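Peer 1: The residues making up each chain are set out below.
Number of protein chains: 2
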Amino acid sequence: MFAEIIAIGDELLIGQTIDTNSAWIGEQLSLMGIQVHQTCSITDEEAHIIDALNDATKRAQVVIITGGLGPTKDDLTKHTLCKYFDTELVLDTDILKRLEGLYKKYDVPFNAVNEEQALLPKDCITLPNERGTASGMWFEKDDTVYISLPGVPYEMRGILQKEGFPRLAKHFDTPTLVHKTVRTMGAAESKIAKIIEDWAESLNQYSLKLAYLPSPGAVRLRISGEASADANIDLEKIVQQKVDELPALIGEYIYGYEKETIEEVVGNLLIAQGKTLGTAESCTGGSISRLLTRLSGSSAYFKGGIVSYANDVKINILNVSTEDIEEHGAVSQQVVEQMAANARELLQTDYTIATSGVAGPTGGSEEKPVGTVWIAVASKTDIRSKKLTLPYDNRERNILVSANYALGFLRTEFLLTSSRKL
Amino acid sequence: MFAEIIAIGDELLIGQTIDTNSAWIGEQLSLMGIQVHQTCSITDEEAHIIDALNDATKRAQVVIITGGLGPTKDDLTKHTLCKYFDTELVLDTDILKRLEGLYKKYDVPFNAVNEEQALLPKDCITLPNERGTASGMWFEKDDTVYISLPGVPYEMRGILQKEGFPRLAKHFDTPTLVHKTVRTMGAAESKIAKIIEDWAESLNQYSLKLAYLPSPGAVRLRISGEASADANIDLEKIVQQKVDELPALIGEYIYGYEKETIEEVVGNLLIAQGKTLGTAESCTGGSISRLLTRLSGSSAYFKGGIVSYANDVKINILNVSTEDIEEHGAVSQQVVEQMAANARELLQTDYTIATSGVAGPTGGSEEKPVGTVWIAVASKTDIRSKKLTLPYDNRERNILVSANYALGFLRTEFLLTSSRKL
Chain A
1 MFAEIIAIGD
11 ELLIGQTIDT
21 NSAWIGEQLS
31 LMGIQVHQTC
41 SITDEEAHII
51 DALNDATKRA
61 QVVIITGGLG
71 PTKDDLTKHT
81 LCKYFDTELV
91 LDTDILKRLE
101 GLYKKYDVPF
111 NAVNEEQALL
121 PKDCITLPNE
131 RGTASGMWFE
141 KDDTVYISLP
151 GVPYEMRGIL
161 QKEGFPRLAK
171 HFDTPTLVHK
181 TVRTMGAAES
191 KIAKIIEDWA
201 ESLNQYSLKL
211 AYLPSPGAVR
221 LRISGEASAD
231 ANIDLEKIVQ
241 QKVDELPALI
251 GEYIYGYEKE
261 TIEEVVGNLL
271 IAQGKTLGTA
281 ESCTGGSISR
291 LLTRLSGSSA
301 YFKGGIVSYA
311 NDVKINILNV
321 STEDIEEHGA
331 VSQQVVEQMA
341 ANARELLQTD
351 YTIATSGVAG
361 PTGGSEEKPV
371 GTVWIAVASK
381 TDIRSKKLTL
391 PYDNRERNIL
401 VSANYALGFL
411 RTEFLLTSSR
421 KL
Chain B
1 MFAEIIAIGD
11 ELLIGQTIDT
21 NSAWIGEQLS
31 LMGIQVHQTC
41 SITDEEAHII
51 DALNDATKRA
61 QVVIITGGLG
71 PTKDDLTKHT
81 LCKYFDTELV
91 LDTDILKRLE
101 GLYKKYDVPF
111 NAVNEEQALL
121 PKDCITLPNE
131 RGTASGMWFE
141 KDDTVYISLP
151 GVPYEMRGIL
161 QKEGFPRLAK
171 HFDTPTLVHK
181 TVRTMGAAES
191 KIAKIIEDWA
201 ESLNQYSLKL
211 AYLPSPGAVR
221 LRISGEASAD
231 ANIDLEKIVQ
241 QKVDELPALI
251 GEYIYGYEKE
261 TIEEVVGNLL
271 IAQGKTLGTA
281 ESCTGGSISR
291 LLTRLSGSSA
301 YFKGGIVSYA
311 NDVKINILNV
321 STEDIEEHGA
331 VSQQVVEQMA
341 ANARELLQTD
351 YTIATSGVAG
361 PTGGSEEKPV
371 GTVWIAVASK
381 TDIRSKKLTL
391 PYDNRERNIL
401 VSANYALGFL
411 RTEFLLTSSR
421 KL
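Quick mapping for you: the protein sequence lines, in order, are chains A and B.
All residue numbers for the first sequence refer to our numbering, where the first residue is 1 and numbers rise by one.
All residue numbers for the second sequence refer to our numbering, where the first residue is 1 and numbers rise by one.
Since the hints were derived computationally from the structure, they do not count as laboratory data.
Treat the hints with care, as some may be off.
[Unchecked claim] Here are a few chain A residues that face chain B, going by a calculated C-beta distance under 10 Å: (1) I25; (2) E27; (3) E281; (4) S282; (5) C283; (6) T284; (7) S365; (8) K368.
[Unchecked claim] Covered, in the sense of this in silico footprint (three residues per stretch, anywhere, with C-beta under 8 Å from a C-beta of chain B), are these stretches of chain A: (9) 190–199; (10) 309–322; (11) 344–354.
[Claimed, not checked] Ranges of calculated distance between the beta carbons of each label pair, as one might list FRET restraints: (12) A:K141 / B:E45: 18 to 28 Å; (13) B:P361 / A:T389: 55 to 65 Å; (14) A:E130 / B:P128: 46 to 56 Å; (15) B:A112 / A:A300: 52 to 62 Å; (16) A:D173 / B:S296: 36 to 46 Å; (17) A:A112 / B:E345: 51 to 61 Å.
Quantities reported herein were computed from a predicted structural model and do not represent experimental measurements.
The beta carbon of each residue, even a glycine, is placed where N, CA and C say it ideally should be.
I would like the entire structure built from these sequences, with the hints used as guidance.
Peer 2: Here it is, written out as structure tokens:
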């Protein structure tokens, strides 16, 4: 079964807005077993919308339309859909009540323009929008389903998750699909592939599929299974069993599952163990503490950090030895370990992460090329450090990967000591 | 004149990659006066590529194709284009020489697979790729121009900027267009529009156009002018003159021009004045120092910072008064000013920026709702502070806007003292 996505809006064509909706919808549909054949972005013009609907109808059984539902644009999409499906706008009293309640809640006067949002095509199923005022719409014509959604990503996602996807699964009786994601860090795709070769082979027994999704410094593994709606197997259990076999093979590289980020995983471990964390950052320049504090609730374990960008901040605040900086350079094991240990005392935390490296694009040397980064973690009784040699000449990438690796190093070297296998 | 963009790649349709290329190309073409009518993303299949080319040809005089040129995909796009334009692949010896040189430079052996990248359609103009191995291709058929480009954004942009756009301008004899961007912070679009009402009216004299491009906490103004190639006017000068009139009207909100970011502007002012900067961050959690250190060369003025997330870090390291925290709370003028002043002494910088606020989504109160942020800047002789009341309930947005505003506050209150108008 094929789907197409039509994104409506001049702002997409002049590059003012990047269309992230189509990628998200494409991912979700493909996880449901519905293949997206084509997506397009078009202008806010009636004739263009109708052409695009005609074209998509020729190729797809599911057509998802985003955008053009805002009241400022005179609801062009809604009127055009009425024309296309030969119907008319009528007042949806349920939606009207919901909108009135919403405006009352925020103490905003409700007027005629707002009431427009409760006018919806007669021959459609209204898909309520719990996150905004523009409702979703579900049309059926011949063998094709059309879903029209607002362009605001948060609203569009809410409607599809709550209404659109479950209805599609039911309407088309799509097979049951189970996907599980395993997140790894510290090993290239090729290295992981070699270690889990036999395991990957064993997936064939249940026709499970494996996908590698690489990103800088990390590789996600996605294990997928499919079963017809009437198959008498517990697919969820089968996929989970295969996932559970991975830690014995690549446990040292696995840091999380599904949507977890390394900072969430580290945060949860710190909470579970009742420990606190601080940072001492040079080349990462605040990126580690930014990642940590981006999470609401991080104050439960993150106390703070020192960004010791200049050497005299390393010396004066972090008490790093001037002689060691002169002898070994700021990017060295000696310096990064002192940064970690001394920051821990200063911040009075259980652990401290430190970084010092050459993020580039300038500042590299033959001995310490761009991408050379020392990371260290200190506890009350121990200091461990590691030298990274990153292959990027991109400053932002070196910083981000170093920050992620440093958090991963804390996890493997200290937070997992009970089950550590290195 | 209309353009269409065809992005080729299954990874776009399953949401593994977000297509940012089409938005960038759309923006650049619209700045050249070429209107993008439609963009689409399609599968890596020959029949699908040919259908998409046929459809685009019906509607556009410029068709830009991205993706499908990597050697791992067997150059499907290249072969399909040969079929579509009824031509064949031949060895391009100039490109071959360039590739051999590139591989020699990086000391990588050159083999038959690499040589494939020098096989190019006979009836096309090769557009050299200075940033990679897949060349761009320029075809002409009837009245339409087709440009095929690699999908890697950095390579695609390089080829278009160096070869594609200048050739398009020449081929279609496009009018001269001049665009200038003025970047503002601290005033809503409606406020700026009211202040510059007469000025905006005066643009009509030269048929100049004004566009407002808002983003969280900032508004860009884009002033555009158009002249036919043979018009005897200095359009560049006319647009610049109008831009030069803006500081007298909204000077306090203008922080930069064209692509400048606030951290770049602040960095350049610090360099020009030979001053240094430090940070003391609570609610922004390292984001200000991250913005500053993201720039290569920032070590010339940025010495470091303290992320004092926990109150005891504010007290123990930054010497903030315990009594003031208890009496006024951590999110208060008293605390943020002490953070700034004491961090400056500790870091031994000329200026220090401090923040303390409620980023949300939790932690707000009636007195200090989510979005309440105190910012302060200290110099050796002065401390200034300001309370922000941001309208967002989005944590990341509150953090980013606070960080930007804090940098902007340093700029207006201290770095511009000579020309300040507040």
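Peer 1: Hold the hint about K368 of chain A up to the distance rule: shortest CB distance to chain B must be less than 10 Å.
Peer 2: violated (16 Å)
Peer 1: Taking the least C-beta to C-beta distance, is S365 of chain A closer than 10 Å to chain B?
Peer 2: Violated, because the Cβ-Cβ distance from S365 of chain A to chain B comes to roughly 16 Å (cut-off 10 Å).
Peer 1: How about the segment 190–199 of chain A: do at least three of its residues have a C-beta closer than 8 Å to a C-beta of chain B?
Peer 2: Coverage by chain B is violated for the segment 190–199 of chain A (0 residues, Cβ < 8 Å).
Peer 1: In terms of beta carbon proximity below 8 Å, does the segment 309–322 of chain A have 3 or more residues touching chain B?
Peer 2: holds (count 6)
Peer 1: Could you check if T284 of chain A really has its C-beta closer than 10 Å to a C-beta on chain B?
Peer 2: For T284 of chain A, the interface hint holds, since the closest Cβ of chain B sits about 8 Å away, which is under 10 Å.
Peer 1: Tell me if the interface restraint on E27 of chain A is satisfied: Cβ within less than 10 Å of some Cβ in chain B.
Peer 2: holds (3 Å)
Peer 1: Is it true that the C-beta distance of A112 of chain A to E345 of chain B lies inside 51 to 61 Å, as the hint says?
Peer 2: holds (60 Å)
Peer 1: CB of D173 of chain A to CB of S296 of chain B, is that within 36 to 46 Å?
Peer 2: violated (56 Å)
Peer 1: Could you say whether the range 55 to 65 Å given as a hint is met by the Cβ separation of P361 of chain B and T389 of chain A?
Peer 2: Violated: the Cβ-Cβ distance is about 40 Å, outside 55 to 65 Å.
Peer 1: Is the shortest C-beta separation between C283 of chain A and chain B less than 10 Å?
Peer 2: holds (8 Å)
Peer 1: Starting from the range 18 to 28 Å, see whether the pair K141 of chain A and E45 of chain B falls in it by beta-carbon distance.
Peer 2: holds (27 Å)
Peer 1: Taking the CB of E130 of chain A and the CB of P128 of chain B, does the distance hold inside 46 to 56 Å?
Peer 2: holds (52 Å)
Taken one by one, the earlier hints fail for this structure at numbers 7, 8, 9, 13 and 16, listed in ascending order.
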